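S.K.: Going down the list, the protein sequences come from chains A, B and C.
Heads up: take any position in the first sequence, counting from 1, add 84, and you land on my numbering.
Heads up: take any position in the second sequence, counting from 1, add 256, and you land on my numbering.
Heads up: take any position in the third sequence, counting from 1, add 40, and you land on my numbering.
Simulated from the structure, these hints should not be mistaken for laboratory data.
Just so we're clear, the structure is a prediction, and the values are computed from it rather than from any experiment.
Please note that the accuracy of each hint is not assured.
[To be verified] Partial pick of chain A residues on the chain C-facing surface, computed with a CB cut under 10 Å:
1. 105
2. 132
3. 134
4. 135
Don't be surprised by glycine CBs; every beta carbon is placed ideally from N, CA and C.
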Amino acid sequence: MHIRPEARKTVLEIVDRYKDEPSPLMLILSDCQKEFGYIPLEVQEVISEATGVPTAEIYGVVTFYNFFTLEPKGKYVIGVCTGTACYVKGSQNVSDKIGELLKIKPGETTKDGLFSLDNVRCLGACGIAPAVSINGKVYPKVQLSQVDKILDEYRKKEEA
Amino acid sequence: MANKVTIYIENQPYQVDAGLTILEAAKSCGYHIPSLCNWRDHECSLASCRVCLVKVEGARGLVPSCAYEVADGMKISIADQKATDARRTSVELLLSNHSFNCQSCKKNGKCELLNVARDVGARPDKYMGEKTETTLDFLTPAIVRDTSKCILCGRCIEACKKAQGIGILGFENRGFSTIVAPTQNRSFSKVPCIQCGQCTLVCPTGALMEHNNIDELDAAFRAGKHVVCFAAPAVRSAIAEEFGCKIGTNGTKRLAAALRRVGFEKVFDMNFSADLTIMEEAHEFIERFSKGGKMPMITSCSPGWINFIELYFPELLPHVSTCKSPQQMFGAILKSYYAEKMGWDKKDIYVVSFIPCTAKKYEVQREQFVDKDGIRDVDLALTTRELGDLVRRAGIIWNRLPEEEFDHDIVGENTGAGVIFGVTGGVMEAAVRTAYNMLTGEEMEPIDLLPVRGFEAVREATLDIKGTKVRIAVTSGMINARKLLEQIKDGTSQYDFIEVMGCPGGCINGGGQPYVFPSMLPNEDPDIWYTYRAKRAAVLYEEDKNKPLRRSHLNPDIKKLYEDYLGEPGSELAEELLHTSYNAKREQYPDVD
Amino acid sequence: MTKEEAIRTLEELGSAQCSCAKKLEDKFSGKDGKRHIVICGGTGCMSSNSKDIMHRFEELIAEKGLQDKVTVNLVGCFGFCSKGPFVKIFPEDTLYTEVKVADAERIIEEDIIGGKIVEGLLYVDPATKEKVTRQDDINFYKKQMRIALYGCGTINPEDLDESLGYGGYEALKRALSMTPEQVIEEVLASGLRGRGGAGFPTGTKWKFAAAQKSEEKYIICNGDEGDPGAFMDRSILEGNPVAVIEGMAIAAYAIGAHQGYFYIRAEYPIACERIKIAIRELTERGLLGDNILGTGFSFRVGLRYGAGAFVCGEETALLNSIEGKRGMPRPKPPFPAVSGLFGKPTVINNVETLASLPYIFRVGAAEYAKIGTENSKGTKVFALGGKVNNVGLVEVPMGTTLRTLIYDIGGGIPNGKEFLAIQTGGPSGGCLTKDELDVAIDYQSLQKAGSMMGSGGAIVMDEDNCMVDVAKFYMEFIRDESCGKCTPCRIGTKRLLEILTKITQGRGEMSDLDDLETLASATAAGALCGLGQTAANPILSTLRKFRPVYERHILEKKCDAGVCKDLISFVINPDKCKKCSMCARNCPVDAIHGEVGKVPYVIDTKKCIKCGTCVTVCKFGAVSKE
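Work out the full structure, taking the sequences as your base and the hints as a guide.
M.R.: See the structure below:
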């Protein structure tokens, strides 16, 4: 388990930022989450080393709060509904298609960190199945042919 | 004298010490309130299991008696119907998320959960439902973690953090998915766990247990090998507890008798190799001390401690004595000198050690202790608790056993110095007795080295050996050892010789010793949590006192061993057989594939 | 007085307040000769692009060269969230609702330049169909009384001058002229009780903390609002951050604290940002820090983020969270007022409680105590939601009846449906039925009726809601949010949910009802913290008031509301079916067969997944639930 030297430096800087705060763990973790988009074990080990808080305790804190993640998430989190209605309307195909276009599997994030793909529980939008949500915005009756266009919306946003 | 307050339990008045929790106060008044998450240390009261709820007049709702202090005039009801129901429901809910294979569970008979369940009249199938996802970790030779039995009391987390200052275990996830685990629910083998087993001593259920190896012993018996064994000093201080005897009962002679009846061809006392260790260690110390070796020198008998320094302070390993532990020395001698004398092939000898320790199970597997023919010094290490199982399995009634001696046969003779190896300060005391002789040719008088006895975190003394000042320190528990190591690192250490034992109080409180669960020990004093270590230690000091020989260098078998075989302490052969090296490159978090 | 200048004395504060008040007054009255456009900057409206609307206005103003005549800025939440985004024009006080970016041009052209109200963007009363131009004339606002929400939707929360011109720091000024004991007495006299849930008297809490001898004490603002459906704390933090800080300062002065912490959910980025701005501005101007206004009172405020755990709204869990631990509650005693943050005496007050303090100190406790009922003084903000016409934040005097809340302010139940129940107190509360509509909203009455005030969620349910399903919904929430520390909450809520699930799936037995009741009561009695102790309330309350509904699920395997999918089936009435095939084309699982224009359509119940799409798409009402 080895951390890149730059990342290590960043973590130590973050820890140093709060050296005058009493019990700064949450602040450190929040900043690490912001900085890296997630808090991998390597980062937790460096925090442990610098603060003296056991890694198990840090890990316990990270897994307690929904806001902290162990895996990196993309800037745009795509949730493909896998509720029954969406599933039978071909949401699996939609998910596959998105995965194919982005070259990732569900649960993964694109290399550029732009998109994450998740197969999610029922969005409660069975009437407009198959439904896809991107950062909370729901797209109804997503056809395979539309997928690229929807993704382009966000790609363009990035270019702009 | 503590202030007294008057409380009422079921309307009966009682005078109790102020500052006690209701749970403690009630016990002193003759009431037993069931509890699970509560543990000796006050701060360790999470008040999370909700098994000790009682009614307190005027309080909002029921209160956890483990975390609620008594106050003057407080009216308490344990029998209150609502409280009784709530206690039972808490236990029934715990049972609903617990794996029910009690028949095969090694904790059977010693399980606090089952005990409490009986006390509160729980119906095990009252609330059936989905269970939390479980993990079974048996990858370390020392400790098995089975989360299907875990009730999340958190006692192990506190034990690891407070006794050892390590904090290997923690709560993970949230709500119904919560588990107690090493970071990322890894195996103990993939985190910097020292395998001391202190967590197993506090686990109320079978969630954390020693790695049971009795099957391997059976295989050795079946293979028709020369199955020989020896028992560590601390085992005698506690083995009788396994059979219902009071804490502080000496079990030496029945232990010898029991081991013989279990089927071992030879039963030795490990005190012998403790004496041998002293010869080598005292010699090494004098060499370093007089020739300017790496100082301070630190003892090396405790495998939990060795794991600790390898994982956390590898740069200080040169301070550690190169002596193998008594366990490994005995094994090495049995498979060389003893085998030769007996005319046995070392391949046909199966050496079993009985130890109070879980880390010894790791130690026997270390690559340093396997010779070029792939033969281990010691083949199997079994804890005091496993020994209890073996004896029961053999149908032996402990209290009816005759009192017998351990074998004295080429090896085996031992002294009082070896006996006190089982308690913190004992190795130092034994070493000083012999070092004094090696330096001066005279015997130290008086023989007892009182400043290093007891359970204070760090005990120190400056010895005046005919004008030579030797500064010594003794500690146990890694939270204390860490402080001494930091001093060495800073260059502020004032000592020449330091004894460190991994478990708080030394081997008498080792991770493989019998459980001390006060709720299951109705015949012990209510304060047994605070006194059991001293009672076990007293067994060893008493035995030392009564031994005809109390100095390792006077042990005739040891003398003969050097005369006939090893030459002298520190000889080339002694180095080969009795000394070892350490691993400064152990990774704290070795990658999981 | 310029923004950069520090305010060092009480006199300087007085003159600053005066000049800011004048400026603000001129803005609202038009005396400055300008028109002012304000836009709702609450989270709801922001997600409906209110910031883009503002930018569009700015562009248009620049294009038309109106910079000297028209200003535009964001303000806090208007509260009437279902009608947002809001745009208000001063000095006419015209309110436009449901504004889109494209509407900006019309407003500039027709109203700002043309001087004509844009009729199409006005609020239309659903009952009378009349258009309403001013906010105060809308029924939703008529019976409200804005004390905690003071300034929200009026002032620019990112401009300290507007706060100071709108009464900001007036209350602290008065409090600082009193002794800490007098301040506590004043709060006791006001009858103010905690608005976060438990309703503990605020003054009493302070008194405990004030009595502790300690160099260090802390005041914490609990902004970890987490009840599904409640967002008043967020709105207050977004709408008038200075008022909350002022409330904290008063509390700090009273108990002898010099350090305060905000604990705000990280999911509330706008609230966090505005608090950060307010702390910065107040510090820069000397209104936070050492020796405030030369009175010798020093007070600093830090910001901590909640990281997505509902239980951290519980005060001891919150303390653990600030201390960098898992947000698991601690046993009480010791109470935080004795041993709280870092083991020091700590007062934890909810946002709404703190936001009520400036009013109390501006008008006096006696005046405040006139509002409300005998044991519940002042006002309470509710987040009115569910099956009600007007959804949003509502602040009413204590003692207002549920009927007023639902019908006068909320505009009644939509689509002519029948009122079934209202859930107050969120997942910790209970439901009240048709027979209880005249229950007054105050701590005692709600409790007596089997519910609680809680943090102020008020979800209206109509005949289409199944109360077993509602109980299940809340139980699911609690199961997900239980911290896992104590047994009854960790496992009890899980088992309760399993029993409820069994009932909604038609596998229930009558003995399940006994189990539910016993286990729910035992969970309440045995749990460690408020979350667990109240976790089973929705079950106990629905069991008490809607037992026949439970029994019908169990005995007849029927869900009359048609919510529990396993207990319903969809059928097409062949007489009503026009054989248009609409249902078949929209069925996600091809469970409907027939022939266009020839054979009436029939649902294959084995294939049907009960999604209800066919009911929605059928224009002839031929599909029904059974």
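S.K.: Now tell me, hint by hint, if it's right for this structure.
M.R.: We went through each hint and held it up to the structure:
1. 105: Interface hint status for residue 105/A: holds (8 Å vs cutoff 10 Å).
2. 132: violated, 12 Å
3. 134: Result: violated, 13 Å to nearest chain C Cβ.
4. 135: Cβ of residue 135/A sits 9 Å from chain C, so the hint holds.
Violation of the numbered hints given earlier is confined to hints 2 and 3; the remaining hints are satisfied by the structure.
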